[in-house]
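Peer 1: The lines below spell out each chain.
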Amino acid sequence: MVNAWTWGLIAGTAAASVLTFLLALVLRRNPRAAGLGALLVPVAGLWLWAFGITADKTDTVTRKSFSSMIAVGSGIVKVLGPSSGPNQPVVSPTSIASITAVIPRGHVVALFPAGVPLSIVTTTSSSPAAAFWQGMCILGVAALIAVVASRQAGYLAGAALLAFGLYQLVAAAVFTPAAGGTSWYDWLYGMSSRGTVCAVAVGSVVAGLVVIRYTIVSDMLRRMTLASRVQLLTQTRAEAVDAAAAELRRLERDLHDGAQARLVAIGLSLRALEKMIPANPAAAAALAVECREASALALADLRDLVRGIYPPVLAERGLGDAVRALALDSPVNVATEIDLPGRPPAPVEAAVYFAVAEALSNVAKHADARRAVVRVYHAGEMLRAEVTDDGAGGADPTRGTGLAGIERRLAAFDGILAVSSPVGGPTIVVIEVPCELSWPKISTC
Amino acid sequence: MRVVLAEDLYLLRTGLERLLAEHGFDVIESVDNGPALLRALVDKRPDVAVVDIRLPPTFTDEGLKAAMSARHEVPGLPVLLLSAHVEQLYARELLADQAGSVGYLLKDRVFNDDQFTDAVRAVASGGTVMDPEVVGKLLGRRARDEPVTRLSAREREVLALMAEGRSNSAIAQRLRISDKAVGKHCTSIFAKLDLAPSDDDNRRVLAVLAYLNT
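Quick note, the sequences are listed as chains A and B, same order.
Residue 83 in the working numbering sits at position 94 of the first sequence, and the numbers go up by one each step.
With positions in the second sequence counted from 1, the corresponding number in the working numbering is that position plus 247.
Please note that the accuracy of each hint is not assured.
[What the hints assert, rightly or not] Computed beta-carbon distance windows for the label pairs: (1) A/A233 / B/G271: 50 to 60 Å; (2) A/L240 / B/A268: 35 to 45 Å; (3) A/V230 / B/R397: 52 to 62 Å; (4) A/A233 / B/S372: 47 to 57 Å; (5) B/R265 / A/R242: 48 to 58 Å; (6) A/N322 / B/T305: 29 to 39 Å.
Rather than coming from a laboratory, the hints here were simulated on the basis of the structure.
Note that CB positions come from ideal geometry on N, CA and C, so glycine has one too.
If we strip away everything but chain A, and leave its shape as in the complex, we get (with noise of 0.2 Å):
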């Protein structure tokens, strides 16, 4: 059964199925449309395979009288030559060996004695060589449309397994199988027995329905995380947005009553003591402390704002330090924990250290805490900031404002905040952000 032509086939269906999956790979595609690339090849290639044990087939017959050997179909038609035996077919043994022609349909081939053995040999494919090149092309196509559109290559094959199993029922049907025959239809069913034809029918249409329900359950799913994606950067964007805005308008409200008013006085006092110092120095000189004093209370607005703007040491130390002055700067007692080989994106870690220093203030006003611990670390593609305390526990994080805008600056960043506050204690306060770490430049000097 598994002649040289099969394993050619078998051989160039392996190839394909590893050079499907490997490019696959390479061009960084869907695990799925490589899985199912290389999945079609074999596919494939057992189809090419149901021919070819049928295409080179080889058929002991005895022929009764002197004019039974007759070509059945159009195609290289071999005849070996008679078994050994008493007999001798008519024309002479060294050209019954040797005949190898294409022979009409219908055409006698040879006159033989009745009773002869004969081997004879019919074939559709001259060589192994021919049979691996023509499955390599068709596999590649096969795999080519499965690496560049898995979800167009799912369709594809489902498609063409069911009209294959199609075609062989209504084949089955219609022609009577002949493996040996060398009309078209013989070489399209190829099979020797109705049974086969059908069996074969059938596995191929269940297995293109499968195939075909399996890519659109997948493109389903897939739009629907999309469609559910969308949903959700629709909706953080607006709060992104939202909160972007509410943050302008806060500055300007404090920058506004704070240090713009107070630099106004400080303009309208000097300009009173332009005109005072030649008149009473030392009330000018008074007025001088005064402006002083104001332009010293404009710093100190100053900088309470551009602290909650973007913390100074975070600018300066990055994260990990941030979070230790956070903690030092805290009335409980707070461990730090950091382990972070790199910096976080900017708007990451100023989300990140807003999200802890709210944990630590609640911890500071709610908890009734002695000591808490904060931890800092990057594991797996993710930023983990966890903050533990000892105090009662009992925390709703739904109460409240802080934490809620906290979770949406998150959110911004595909980040969660999870508070887990049992009766009793501990509570803990995890947040997690996605991202990467990039490294600071090795200085030289």
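Since chain A is already given, all that's left is putting chain B on it; use the hints.
Peer 2: Positioned in the frame of chain A, the structure of chain B alone reads:
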């Protein structure tokens, strides 16, 4: 007194130069970035350096880093750091080497030029000067601790001024009490905080800060 000044903002730099010159300091070099500061400190070995923490080229804590590495090469090199904000974290790092001769003040403090130049001189003569805001934070942090709560209100005032680097007589003047009374308060504070008493101003400040910082 030879001073190296590091400040990147032109107006502030010239303002500080003028202020220091008016008070009899000799500003031997003014720089506007971290690497130049490190070179100036190591080459010129000034009596004191007045350094802005945030400097180019990185605009992070370049000034602090340059000052620290200069002090690594020249131990005890007097450095007074100025910043628009004060952090306990930086104060800890400055105090870590226990060598004294360090100061850490808010930039606002230059408004009061007498106090500011006093601080520069104190640092130059080996003292430790911390901004009242840092001291306040350190005290606030230890406010819950048992020993600090044992101090009387007056003793806490004296402790805060001590941590700012003031001598006994300066504290007496500030609180309008006698030198002797300050001495008594100090003894009492050291006893309550379990610190070994000492005559040396700088060691006294460091002891207080070390206690507050733990």
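Peer 1: All hints, please: hold or fail.
Peer 2: Structure-based check of each hint:
no.: 1; hint: A/A233 / B/G271: 50 to 60 Å; verdict: 51 Å, holds
no.: 2; hint: A/L240 / B/A268: 35 to 45 Å; verdict: 38 Å, holds
no.: 3; hint: A/V230 / B/R397: 52 to 62 Å; verdict: 53 Å, holds
no.: 4; hint: A/A233 / B/S372: 47 to 57 Å; verdict: 51 Å, holds
no.: 5; hint: B/R265 / A/R242: 48 to 58 Å; verdict: 37 Å, violated
no.: 6; hint: A/N322 / B/T305: 29 to 39 Å; verdict: 33 Å, holds
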